[in-house]
Amino acid sequence: MLSKGLKRKREEEEEEKEALAVDAWWLDPSHPAVAQAPPAVASSSLFDLSVLKLHHSLRQSEPDLRHLVLVVNTLRRIQASMVPTASLPPVPSVPAAPGMADNLLASSDAALSASMASLLEDLSHIEGLSQAPQPLADEGPPGRPTGGAPPGLGALDLLGPATGCLLDDGLEGLFEDIDTSMYDSELWAPASEGLKPGPEDGPVKEQAPELDEAELDYLMDVLVGTQALERPPGPGR
Amino acid sequence: MAGAGGGGCPAGANDLQWCFSQVKGAIDEDVAEADIISTVEFNYSGDLLATGDKGGRVVIFQREQENKSRPHSRGEYNVYSTFQSHEPEFDYLKSLEIEEKINKIRWLPQQNAAQFLLSTNDKTIKLWKISERDKRAEGYNLKDEDGRLRDPFRITALRVPILKPMDLMVEASPRRIFANAHTYHINSISVNSDHETYLSADDLRINLWHLEITDRSFNIVDMKPANMEELTEVITAAEFHPHQCNVFVHSSSKGTTRLCDMRSSALCDTHSKFFEEPEDPSSRSFFSEIISSISDVKFSHSGRYMMTRDYLSVKVWDLNMESRPVETHQVHEYLRSKLCSLYENDCIFDKFECCWSGSDSAIMTGSYNNFFRMFDRNTRRDVTLEASRENSKPRASLKPRKVCTGAKRKRDEISVDSLDFSKKILHTAWHPAGNVIAVAATNNLYIFQDKVN
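Protein chains in written order, with the working numbering: chain A, 15 to 251; chain B, 1109 to 1561.
Nothing false has been slipped in among the hints.
According to the in silico footprint, chain A covers these stretches of chain B (three or more CB under 8 Å from chain A):
| id | region |
| --- | --- |
| 1 | 1200 to 1214 |
| 2 | 1397 to 1407 |
What follows is a set of in silico ranges between Cβ atoms, one per label pair, in the way DEER data are often shown:
| id | chain 1 | residue 1 | chain 2 | residue 2 | range |
| --- | --- | --- | --- | --- | --- |
| 3 | B | H1318 | A | V97 | 50 to 56 Å |
| 4 | A | D231 | B | N1335 | 18 to 24 Å |
| 5 | B | E1141 | A | D235 | 28 to 34 Å |
| 6 | A | D231 | B | G1514 | 56 to 62 Å |
| 7 | B | N1335 | A | V97 | 22 to 28 Å |
| 8 | B | E1498 | A | D235 | 49 to 55 Å |
| 9 | A | V97 | B | E1304 | 52 to 58 Å |
| 10 | B | A1140 | A | D231 | 34 to 40 Å |
| 11 | A | D235 | B | A1140 | 32 to 38 Å |
| 12 | B | Q1219 | A | D235 | 50 to 56 Å |
| 13 | B | G1411 | A | V97 | 44 to 50 Å |
Keep in mind that the hints were calculated from the coordinates and are not lab data.
In this text, a Cβ means the ideal position worked out from N, Cα and C, and glycines have one as well.
Let's have the full structure, built from the sequences with the hints guiding it.
Below, the structure written as structure tokens:
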């Protein structure tokens, strides 16, 4: 649950008022809630939360596909509702922010924004909103931590604010990480079971790998943080 | 709160009085991750009850037969067999660990003295044979009683070995291993009514197997888009029709259920029937899709209906009507105003299962705070019960629970904000013939029986 006393940075005062108003609505248990008066525009916090979840999900070695798809679809809805308010000044590249978390989140938001091209074309205008709060306190029931713990995002430090995109081509980039066309290929035969190849009969969708090995290695290195993002994304993506 | 008031009504002839029977599992507050129960399933007769846990183990309980000298133990379930079904594996190609957690167990109908079940983790399905041994042979010619080989030249007479009783031994052995057919995580397995084939479903594909053949399977549903960037929907559950061996259903993260007929084409990407309830515009929110995501789908025993579980409700569908369900039961409507918090702590992604009673007259599903809900389809009454150690006196009746949403909390009611969201009942099972239910609460298995029994 969000802490009421949490201070946030806002570019515009109106943002602040709107955000606070929405937050208050969230915290009010007796509010007739979403069911009866869905807000026309999502709070930026909801957006940030969703981006955090997306991040967290993608950083898993094997993302839970259902969770990922649901978060992405929710993010789309939120983004769609935020579009009309795209009249804000762009965010300064590296805000003099108190605390690592804000920096990381701001920069990671910037990178993600650009990367989700199909979703977030307009979001460059409203990045100013994305000064996310400190990792959300888990006051309530001990559910799964909502991601965003600063140590976990250490690797993303290398994603400079506007230095181009880790995953440039929209959602393709997001899912490339888990693209399994190589896994599907007939050449693969795991040592453990030693079975005959070709587990699937019937029509099989053969796909050429979308990334070659070198690019995949490069991406992994960037994610792991051993290499700074230097070159622009390759062709064909 | 809507839907929890049934317990207060006077008991009628058809009313069931649920009583605590047994609880299995450790009492420790400190729960080992490996002990968390991840699936519960009765076999076809109900005499056996299997559980799978996150540590890859399967524990099978057997119901005691009637015994006049110990009347109270009638119907008790005791451990019959325990074995390690799956071990953690390492996928060297992707540098990933494959969890040993048992996602599903499904029993095969009994055809001989042995019992068979399918158990699956994220990637591999195994067929296990559970057999009893209560005799052993004595009097071999070629070896001594202690197993040493005898010198054949010393044997002057032949004898016929005889069978002697021994203490019952239950052995579990893996008979088939069905591997390497799933790229994504397996969420469902379902044995066909032909008793020869079964299906396995992962996030994007469904495969059809023959129980005898492990080196190949047929892909019958493929929802993987050509470009993964276009992925917007995954498969969440699948099940074969109980009587029609060519029919199965699969549910999706978008709240839709598709019924497919394998006679129509080899690849069932196109459905025969499409079940979806149109969204109520007044309750639309950013979380609409997430809460509509179906976490479980089950055919009724009759085969005429099917039930889908989404985050807040259970819906019963008539297979002949695709446009809307014939019944909708609210499980915990009081959570609708908490969706944002539940999204934050990821509880909104919890996958609750549901089950039918043997006669299809009632349905059951779990909730939070170790509560579970039962809906009687005939009387239209529902009740909220709790699986907890505090309410676990032998043969004690379960008291109906109530959640209050307003400011005025009555005695014995619990307020929404006091609910423990870490105590979730995701897995429940109902005896196929009688009124016995099994409820998994984290690492404990509760068994409740009907007093009338």
